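Listed below are the residues making up each chain.
Number of protein chains: 4
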Amino acid sequence: FKTPLFSQRLINNINPRFIALKANIGQDEDFDAARKKAEKLGAEKVFIEDLRSEFVQEFIWPALQANAVYEDRYLLGTSIARPCIARRQVQIARREGAQYVSHGATGKGNDQIRFELTCYALYPQVQIIAPWRIPEFYSRFRGRTDLMEYAEKHGIPVPVTPKAPWSMDANLMHISYESGILENPKNHAPPDLYQMTKNPEDSPNEPDVLEIHFAKGVPVKVRHVKEGTCKETPLEIFCYLNEIGGKHGVGRIDIVENRFIGMKSRGIYETPGGTILLHAHLDIETFTMDREVRKIKQSLGIKFSEFIYNGFWYSPECDFVRHCIDKSQESVEGCVQLSVFKGQVYILGRESPKSLYNEELVSMDVQGDYDPCDASGFIRINAVRLREHNRLQGAAQKKL
Amino acid sequence: FKTPLFSQRLINNINPRFIALKANIGQDEDFDAARKKAEKLGAEKVFIEDLRSEFVQEFIWPALQANAVYEDRYLLGTSIARPCIARRQVQIARREGAQYVSHGATGKGNDQIRFELTCYALYPQVQIIAPWRIPEFYSRFRGRTDLMEYAEKHGIPVPVTPKAPWSMDANLMHISYESGILENPKNHAPPDLYQMTKNPEDSPNEPDVLEIHFAKGVPVKVRHVKEGTCKETPLEIFCYLNEIGGKHGVGRIDIVENRFIGMKSRGIYETPGGTILLHAHLDIETFTMDREVRKIKQSLGIKFSEFIYNGFWYSPECDFVRHCIDKSQESVEGCVQLSVFKGQVYILGRESPKSLYNEELVSMDVQGDYDPCDASGFIRINAVRLREHNRLQGAAQKKL
Amino acid sequence: FKTPLFSQRLINNINPRFIALKANIGQDEDFDAARKKAEKLGAEKVFIEDLRSEFVQEFIWPALQANAVYEDRYLLGTSIARPCIARRQVQIARREGAQYVSHGATGKGNDQIRFELTCYALYPQVQIIAPWRIPEFYSRFRGRTDLMEYAEKHGIPVPVTPKAPWSMDANLMHISYESGILENPKNHAPPDLYQMTKNPEDSPNEPDVLEIHFAKGVPVKVRHVKEGTCKETPLEIFCYLNEIGGKHGVGRIDIVENRFIGMKSRGIYETPGGTILLHAHLDIETFTMDREVRKIKQSLGIKFSEFIYNGFWYSPECDFVRHCIDKSQESVEGCVQLSVFKGQVYILGRESPKSLYNEELVSMDVQGDYDPCDASGFIRINAVRLREHNRLQGAAQKKL
Amino acid sequence: FKTPLFSQRLINNINPRFIALKANIGQDEDFDAARKKAEKLGAEKVFIEDLRSEFVQEFIWPALQANAVYEDRYLLGTSIARPCIARRQVQIARREGAQYVSHGATGKGNDQIRFELTCYALYPQVQIIAPWRIPEFYSRFRGRTDLMEYAEKHGIPVPVTPKAPWSMDANLMHISYESGILENPKNHAPPDLYQMTKNPEDSPNEPDVLEIHFAKGVPVKVRHVKEGTCKETPLEIFCYLNEIGGKHGVGRIDIVENRFIGMKSRGIYETPGGTILLHAHLDIETFTMDREVRKIKQSLGIKFSEFIYNGFWYSPECDFVRHCIDKSQESVEGCVQLSVFKGQVYILGRESPKSLYNEELVSMDVQGDYDPCDASGFIRINAVRLREHNRLQGAAQKKL
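Chains as they are written, first to last, in the UniProt record's numbering: chain R, 1 to 400; chain W, 1 to 400; chain L, 1 to 400; chain E, 1 to 400.
Isolated chain R, as found in the complex:
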């Protein structure tokens, strides 16, 4: 169980009572097998929860509104899934009266923080069991072999396929790959690593052209211009964009990032639908949002991304920023045409009833309600400070 489960559980010999939770956030997984496995292991109850719709609407959409990107590149696909899962875990734990929750995240990563901060925020009295931080546990299981032996001995079903030499985390928004052979930041990712996106070298030689309609900063309709296909619910929209983006190899990145815990790590991500939406949202946003509001909102979005990455989705600061960003999206409405092709997204054009673009005003050919002479004064006043600075502190000379 990579996704967390909660339990009244002891590490050692006593038989604990526990409840198992498996969240369906869009990963490709055999949920029936998971249920059986949990029951076999003695879970009192097993919850297999379909969180896909709420993941899209309550987590992906706000991240999209913020243009949330961590360190200029990472679209936060794992970071926003964690609070979604942990929230449900807390809901069930509270309802079922569990005083402990547990998860399988490792002790060096970000996910332990994301799970646990969500739990502490939403269930302040909860106790958390994180086996990979318990010496008795991690000393006993030092590698895959130890785990396999233990599983075999205790009749725990495990996958028989040999594991890929890296670890991955998958959900509706993305798959991330790290560890193993990827730990050497110089090593290239093997071509067969990616599971959501086709290799652009093998992707279709013809683009797909889409129209994405936005209201309040989130997509409300996607239309395939040629084929006429239309999607209008959040989950369908997102899945369809994953399909198109995946087909064209969109959204692959290979980065080194800074973990909250203070170390750098190397991650490879594929985020097909999310990448298409980021391009489209950036476009419609700049088209409809005031310049100065945009600047402030951009800096809020950067902070928001850091908060999310660090696990603070459920925090006063995230609530506050989310509210502010939401406010900024009121007029982010309209339609973007774009082309998806060979790993890339190309914006083709946009239109909006709330656009702040004034074709007449900006035209080179007509004057509109604009007097070019005003620009002279504008420039000269802007120059006052520069001229004074150079006059009084003699800066000009140094530059020439």
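Incorrect hints may appear among the rest.
As the list claims (entries may be wrong) - With a straight-line cut-off of 25 Å between C-alpha atoms, the simulated BS3-like cross-links for lysine-lysine are: (1) L:K303 <-> R:K295; (2) R:K186 <-> W:K354; (3) R:K303 <-> L:K295; (4) W:K399 <-> R:K303; (5) W:K399 <-> L:K354.
Treat the hints as calculated values from the structure; they're not laboratory data. Since the model is a prediction, treat every value here as computed from it, not as a measurement.
Following the hints, position chains W, L and E against chain R.
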């Protein structure tokens, strides 16, 4: 003359004395013809200045160090060329004793501001003649036809090829397209518009893999892994990356942006070499720079981009930020491998003698100098604030 | 008229029709005389508008919520009055069908910008007449004597008292002094300059202790602890704090500030009530607001202050930031006790039903729900990055 | 020992070898007695280190250049002392071959973090012993009585004077008071609490007027205008300002602040000299620094303050920001006259050879090199965006 000229010039009938300047910043142009034309028009002196090397080293490199991108998308190819040209204009004007300088930028755009703020900053006493803001001038020449008639009548040589239905600005770093049929933000850019980059649909079916070596945040060597080609001077490096990027259709964007003058405009840009470098620099920077320094530097870079876009290259704030960013680049050193293919740049791997990446520390398989138990305390202390907030202001309930 | 008037007015000889507006924003002025003067000058209508309550509630309160201070010192008393006045001017102009508005602000200052940006924002089609920027006007009236002669000649009543050798602007929130003998930044302000505040050297030798009650970040009640005096409406609260602050000489500053127009100017301000409130609000805010929300809100407040100072009260960015700050104030509730004495405000204590302060948690004497061992992990994880940095880039040696 | 000591020390019964360090950072203390006590306790070596000069020059001066203030009020007197002490501790520990260092800070406070992050940064391999986070220690000594009994039993000399019902931390820059009866945030501080500053009610009835001369953003001379007293070395300057500030009761604050550890705490501080310098530095800085540089520098200063408060003095981000701020101070030079009186600092005037203030340019009476007509264009261009916004999104109506 789209690039500025300076002159003691009058708009009307008196014959002014003037000196002409044409800057070579890498655009594809017949400089001999330009010289002849200027002489024919009566220029006392004609300067054709090759600014390409200084453009790369003193303008493109600092922008690269800053990851300078305006409004998340525009790489500022025109914005950084203006101060480069205007600085030379001022140098010549001062040397030649000219008290007036002039340029041909329009009255609605950003370029007038960029030219003039540079002039005022470096030559505070200068007077500026901007014909497109002089009513006698712009009222007389209301369109292309008026200009053509005037040119014919006065024997001014003009290009005979029919002008494209948009305007463009070209230099070593990029070509921008705007106006005309592009003014409708919904219109798609015609496929034959682009001049620096091949259409990705027609670009090679095989990637080129490059190694880019950085020192102090700027490229010092580019190597084509398969062909072994090496470039080591700034101008050669940049031109080579333009060639590779152009061949694969890299760096095309279609955006609506916010001009300093307060209006939104639509621009289409192609920045092949700059786009490759931005990807590579982002990668090596995150690999070698401390996380918290990166955050501060990122916000300085965003401000820097706004300053540059608005024409403040030669300003106290730009000097200051440039200095700070330069300081941040001291350890940005190492080599990035990347693949260029079908309009996209893919990072493949990186290495650096100054990396802050510690493979052992981050490894899932070895513990390194790290105690997982510490993470429990880290998380619990981070949770203190969240738990208190939810306890005292009852926020948890609202979320469940 | 320092406050603006609007008119269909010509500078020269033609007799224009015009309407006069005098805003009462708390300055000490003979409004009857003003009305008579306007009528005598031929105003078709004269509006004397009492804006004091809306000035406090719609302008001072939001500035207080933001802790709005320009360049770390100036409390923006003039800056927030301008949009208040200009809004009313626009309301009347629109209602009365006036197509021109006018004001008496000079051509070097900030106020012209504040008035006019408000007018343009709220009445985009309006034309503005600013005599002090019209060459025919300012060339004719080069100094006080010219104006006096003109007034006498045309029977315009003017004050007979000799004018102080500086200019001032007064309203409910503050009085500002500048120009004249104050233009030399080295000159001390004469002791008789101040009109709202007593010289602390002559102020009472005993403090007044007040209790200020806040709700949603604005004061809702002020109580004089000893005397029992209570004020509960915004205007009364503010006037009472002016009285107490004035009596003790609170809120005097002498600064050099940066005008929007690009020059530095010297200003002297007295803001008695506003200064008391700023201290109190800062205190109750930090007591009730989450730390990280506070950081974001602080940076928004700084931006807000710049926007206000520059005249952008009625702008998309100010609307946006005001909304965000308002949101941040939801729990800013409680009571601050403070002492006002000899030019200074001393916070004595505070309490709040929404406090995030947990006396047990922070106590040195009881442990509360806190395990000191967690701090070890917290510190060690925070040290991971620092230790790595010093290990990999050898920074420690340089510091020892 | 509130200041840290380092040791190879065990908590329980074994007799450890240890070295004692007492830092003199300006607190009022009997250092001979401290030495004897340490020797009596068995310290192999005792170091009493006078760090006052380096505290002023390497810690207080950079904080002053940054106008470092945490959460708008706290001048960081304790925060900057910790890295100063811990650096010396590390120097001695390295030199003497100690592998462990220890300190007496509690487990809920900021100081443990400040000490330890400095140690880890400058001596990455060090082990830290923090008794107040060791259960065996803090469970045994639950209050003052336990400690007293232990001391008596083991012959450890302890002060006989009854302890004040709060704790304090003193150094050259400030004294802080917290805990005990101050933990209730509503309780007023008792009047006899303060030790560095006189009660303003009892302070002189006549101000002292000082001239403070700055170069590169730090004071280089202080002169008492009337008495002619002059101080010119950093330590003397700072001590003299403490004397004057203390005499007039300057720099007392009572605040609730946010600890790094996530809880709010109440602190009372007196910072006489530092408060005078902050006022003076703010003034000379704004007088000599470009407006836009100031904005950036201000935001860096706020970040710097947070870093310092949280214990990151020796971190890559603090190094970086300190460098940037230092750069910004190059022209911060000149002289400020100010008056100190009854708890308040009043700026009277300033002058500087590097001032960017241009008396002629700003004058109301002369035009200088400024054309008021330019302001019309400036305003109208600034209004373009506002007018469009209101026209296209109909915002004006809502406001009227």
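Broken hints, numbered, in rising order? none
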